[in-house]
Every structure is written in C-alpha cells, then in structure tokens.
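**Q** Now for the letters of each chain:
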Amino acid sequence: MTGNTLLHWMNVPWIVIAGMALVTAATRYTGYWLLSRSSLSPRAEDALKAVPASVLTAIIAPTALATGVPESLAAFATVLIIWRLPALAGIVGGVVIVVALRHLSG
Amino acid sequence: MYQSALPQSFGASFTAGIIDVLPLLVGLVPFGLIVGALGIQSGLSTGEVMMMSGLVFAGAAQFIALDMWGSAAGLTIVSTTLLVNLRHVLMGASARPQIVHMPRWLKWPFLYVMADENWATVMRRARTHGDLTPGYVAGASVPFYVGWQITCYIGTQAGSVMGDPATWGFDFVFTAVFITLVFSFWRVDRRSAPIVASAAVALAAEHYLGGTWYILLGGVAGVAAALLTFKREGAT
Chain A
213 MTGNTLLHWM
223 NVPWIVIAGM
233 ALVTAATRYT
243 GYWLLSRSSL
253 SPRAEDALKA
263 VPASVLTAII
273 APTALATGVP
283 ESLAAFATVL
293 IIWRLPALAG
303 IVGGVVIVVA
313 LRHLSG
Chain B
4 MYQSALPQSF
14 GASFTAGIID
24 VLPLLVGLVP
34 FGLIVGALGI
44 QSGLSTGEVM
54 MMSGLVFAGA
64 AQFIALDMWG
74 SAAGLTIVST
84 TLLVNLRHVL
94 MGASARPQIV
104 HMPRWLKWPF
114 LYVMADENWA
124 TVMRRARTHG
134 DLTPGYVAGA
144 SVPFYVGWQI
154 TCYIGTQAGS
164 VMGDPATWGF
174 DFVFTAVFIT
184 LVFSFWRVDR
194 RSAPIVASAA
204 VALAAEHYLG
214 GTWYILLGGV
224 AGVAAALLTF
234 KREGAT
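Same order as they appear, the protein sequences are chains A and B.
Quick note on my numbering: the first sequence kicks off at 213 and runs consecutively.
Quick note on my numbering: the second sequence kicks off at 4 and runs consecutively.
Simulated from the structure, these hints should not be mistaken for lab results.
Possibly wrong hints are sitting among the right ones.
[Said to hold, decoys possible] Covered stretches of chain A, as calculated for chain B (at least 3 residues, CB under 8 Å): (1) 220–233; (2) 255–266; (3) 278–291; (4) 308–318.
Because the structure is a prediction, the values reported are computed rather than measured.
The C-beta atom is built at its ideal place from N, Cα and C for all residues, glycine as well.
With the rest of the complex left out, here is chain B (with noise of 0.2 Å):
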C-alpha cells in the first residue's frame, strides 16, 4: 500500500503527522487538564507540577503517581510509576523496525516521549503507508508534547473550577479515544485474537490481581495470541 513513491518535504509530512494525532488531541485536553488539578489538590506547587509534565510525560502513570501522593511513600509511587509504563517495553521494541534508520536528532528524542497515542499514530502510518520519515514523526510527536504541557498548566491554574470530571464524561474521552486506535489497527489486519485476548486478561488481571498489573499482562497476552495464531501466508 505505498501511496507515493516520490520523497516528501519535512514541512509536507509534518504536517501530514499534525493532522492524524490532532484526533487524539481531543482526549488530551480534559486528560492534561485533570492532571494538572489532581496535582495541586496533591499538595505539589506549579513548578514540580509542571517538572514532573515535562520530565515523566506519562499521563496514565502521572494520574496514578498523583493520586496515591500524600498517602504512599515516594519509593512505592516510583514503583508503581514502573509498573505502569512497563509497557514501554512492549512499544519500544515494536518501534524499532520503523525507526532504527532514522536520524538519531529524531529517535532519542521520539523515544524519549513515546506515549501511547503518537506512538500508536506513527506505527499505523507505517503500516498503512509504508513510508515513514522523520517530518511524520516530529509532526505525530511535538503536538502531543506541548498540548500535554499546556493543558496540564491550564489545570493547575483553573482546576478548583472544574469540579468532578464525571459531570461532563471527561473521564470516558480517554476511554473513546483508545477504542478508536485500537479499531484503527484491527482495521488494517482484521486480526481479532490479540484484542480478545488482552482485554480478557486485563479484565481478570484488574479483578484478582488489583493495582496496575493488567495493563502489562494484557499486552503480554494479545502478544502471546499474536504468536499462537500466527500464520505465514497471512503476514505481510
């Protein structure tokens, strides 16, 4: 499915990269926003508010680390912290192929604030296209960085009129905004057993295990489908 042969410009893929993760754009607002409240609320000051944004740069772990403040100790937060985005591993590993060519200027850095949705952004363009630069990578990746530094100071400036998230279903943009990556994905290879098989897992996981196992088991799991239900003929 290459669509172009001929090279694109920075600007042109950079562009290209804005426009397919400012979808998801929309279920960063109300996410930074929350972060940057439940942060004051916590105790933190603006400024480690805004160092823990731009160091850590991971609103799921962000989230929790946050909400457990005050109440646990920092080595348990910093353990958690790993727990959650151990997941990283797993996405990492699956970037690689796509962009081990790449100038390193891009690819630490990319690395560096790999989250789930520019990550997810640049690896169906790779598989839809084929042809993924460094301009896509940038335009998939800066947007989402700054947004989240933007909207997480919004929050600690405006968070105590916000009042609960749940009032206007803030909290389930998140949730709708991941259903549809991953329906993005099941789109391309119709591959149906690694979804059944992490939500699965993850449901059992987050019922008997508690805490934030299931987001990694889950993965595990749907890669673990992916091997057993690999066939040849099928891969591209």
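With the rest of the complex left out, here is chain A (with noise of 0.2 Å):
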C-alpha cells in the first residue's frame, strides 16, 4: 500500500468514525481495569469519590466562568435556583435568564 492510499484510507468517513470508537470504548474500560480495589488506600479512595463534581466542573467551566457576562450570571442564577428548587426549574431558569441577557447586551 502506498502513502497516498494509506492517507486516502484514514480519512474515509467510516473509518474515522471507527477509530474514534475504538478509542472511546478504550477510555472507558481502562479506568476500571486498571484500578484494583484492594490496593487503594482510604485516602486514594476518597480521592475517587471526588471525581464527578471535578470531572462535570471541568467540562463546563469555560463556558460558565469565561465566556461572557449573560452565561457567567445565567450559571450563578442556575445556582440559587437548584438552592432551594428542583434541577429541572433550575435548568429552565438558567437557559431563560441567559437568552433574557443577550437580548439585552444586544
């Protein structure tokens, strides 16, 4: 097989869309294989525990902190909200307070 055939091959979608499962289902088994339970230290395992809320903070950090002023006070509103009320009013709410904002910041 030639170098143009082998490039031409890499970029057919289907195949693309193969490799990109192949290397997701990788990431989702690997963290389960390589941790055995029994060697984990008390500390390590409340480390675990701490995982989803880093793991969700990260993801939607950049768009809630840095993003602009409407998204930032529209995550904050969504806060207050889950405060007190169920998630859902709490998703309602931050997606109506952030179209209201950037109405009004033109």
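Given two chains presented individually in distinct reference frames, assemble the corresponding complex, making use of the accompanying hints.
**A** See below:
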C-alpha cells in the first residue's frame, strides 16, 4: 500500500468513525481495569469520590465562567434556583435568563 | 443513609433509575438535535452520523469531531476524540467499586455507554442510598442511550429548520444541566476544594493551552485537591 492510499483510507468517514469508537471505548474500560480496589488507600478512595464533581466542573467551567456576562450570571442564577427548587427549575431558569440577558446586551 | 434493607425488584429499581435520569434528558434533547444537524452540515450521511452516535456515544467528542470534519485529517479527529474522552479513565476508575460485583451482562455494556450524565446519576445514587442495583444502573443508562439515538436522528432530518442554537439558549442547556449535577454532588459531601481547583485549572488551561486539554487537567486538579484536603475522620 502506498502512502497516498493509506492517507486516503485514513480519511474515509466510516474508518474515522470506527477509530473514534475504538479510542472512546478504550477510555471507558481502561480506568475500570487499572483499578484494583484492594490496593486503594482510604485517601485514594476518598479522592475517587471527588472525581464526579471535578470532571463535570472542568467540562463547563470555560462556558460558565469565561464566555460572557450573560453566561456567568445565568450560571450563578442556576445555582441559586436549585438551592431550593428541583433541578429542572434550575435548568429552565438558567436558559431563560441567558436568553434574556443576551437580548439585553444586544 | 441506607434507605431500605428490602431488596427491590429489577423493575422497581429500573424505574427509579429512569426517574433520576429524566431531568438530564432535558439537556440531551437539544444537544442531540444539534449534533445530528451538525453531522449533515459537515457532509456526513444520515447513516454515518447514526453510526457515530451509536458506536461512539460521546456528545462532547462528537460535537468537536463534527466541527473539525472536513478541515482536519482523520488522525487529528481521532486524537482529539481520545483527548476529550480521557476523563472516562477517571470515571471508570471511580465507578469500579460500585459496579464490580454486578453481573457481566450489565457492567460491560454499562461501561461502553458510560456518559457523564448516566455515570453521575449512578454515582450519586451509590452515595446517597448505598444500595446500587443492576436495575438502577440499567434504568439510568438505557433511556439516555436510546434518547441520544432518537434526538440525533431527528437532528439529521430536521437540522436545517432549527437555525442557530444560541437564539433559543440551547447551547446553555448543557451547561445548566452540568451545574445541577455538580451541585447535587456538592450537596452530598459539601466539599468545595475539588470544585474550585477544577474550575480554576480548567479556566487557565483553556486560556493558555487552548484545545480541549482543560477537561482532563481540570478533572485531575480536582482529584489532586481532594488528595490534599483528605481528612480521615471526614471520610465516609
């Protein structure tokens, strides 16, 4: 196979998609396999409990805090709403507020 | 905080999982529509978009990959997908103690479809109830996987009539959903250090490094903060 043919195949949509599927599945199984629970110290076990909030925060931090004033205010408002009300109210409230503020700020 | 010592039927815990993941489906709908529409705009066929949604099943990675489609080489797209999804390594490790004793027919498929939302739902349940069952894990995951396929498909068919997602604030739904998830975890253990560290490092990484490194680096920073602030008596 010449270099050009290889390059061609590597850009065929279904092959790229299969590659994406392969690396994604690998990420999903690797952590599970790496970890054998018996070797975990209480400190490490405790740190694993912090994974959900940490990962989820990292995903949204740039959008929530560094995009613009409407997004940051709406993010703050969402937290205030869900302090007392169900999650759904916070989601709807946050979206309504971001749309309103975007209109106001032109 | 064991809610009950009685074993729940598969159906009852399956329903409980569905109910807990329902609010998160609100965030999935616009996101799926956008990814489906973006796939067609990027020149993929409906079949190719659905192949991606079915086999990759990773919203953020799909969104970024489709955004790059046509302008980037296949290898770049696959590498970016790997980087965006590296957080799954942390997620899978944290899920292991909760699912390791479950039957294989459940845990292998669960890991394959482990996305932020169903994983977070399962982890929260384990934290608040302690009685994680196969039915609950399936109930939190199946609607999420099926919902993703349906909304992506509708997006491929109806994408052109939706217009700019920002007009309706759809782009913010994702952020709002994740804020509620983070808050629900904070409410359980009241630990702010991992959240603050993750946000700070993610912001800095996004600003100085660009790309998508911020997701992994922020997550690692949060875990590091948890390691540093560990208190034995506070650990449960």
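**Q** Against this structure, judge whether each hint is valid.
**A** Outcome of the hint check:
1. 220–233: Result for this restraint: holds, n = 12.
2. 255–266: Per the Cβ count (12), the hint holds.
3. 278–291: This one holds; 6 residues, not fewer than the three required, reach chain B with a Cβ under 8 Å.
4. 308–318: Per the Cβ count (4), the hint holds.
In the structure shown, no violation is registered for any of the earlier numbered hints.
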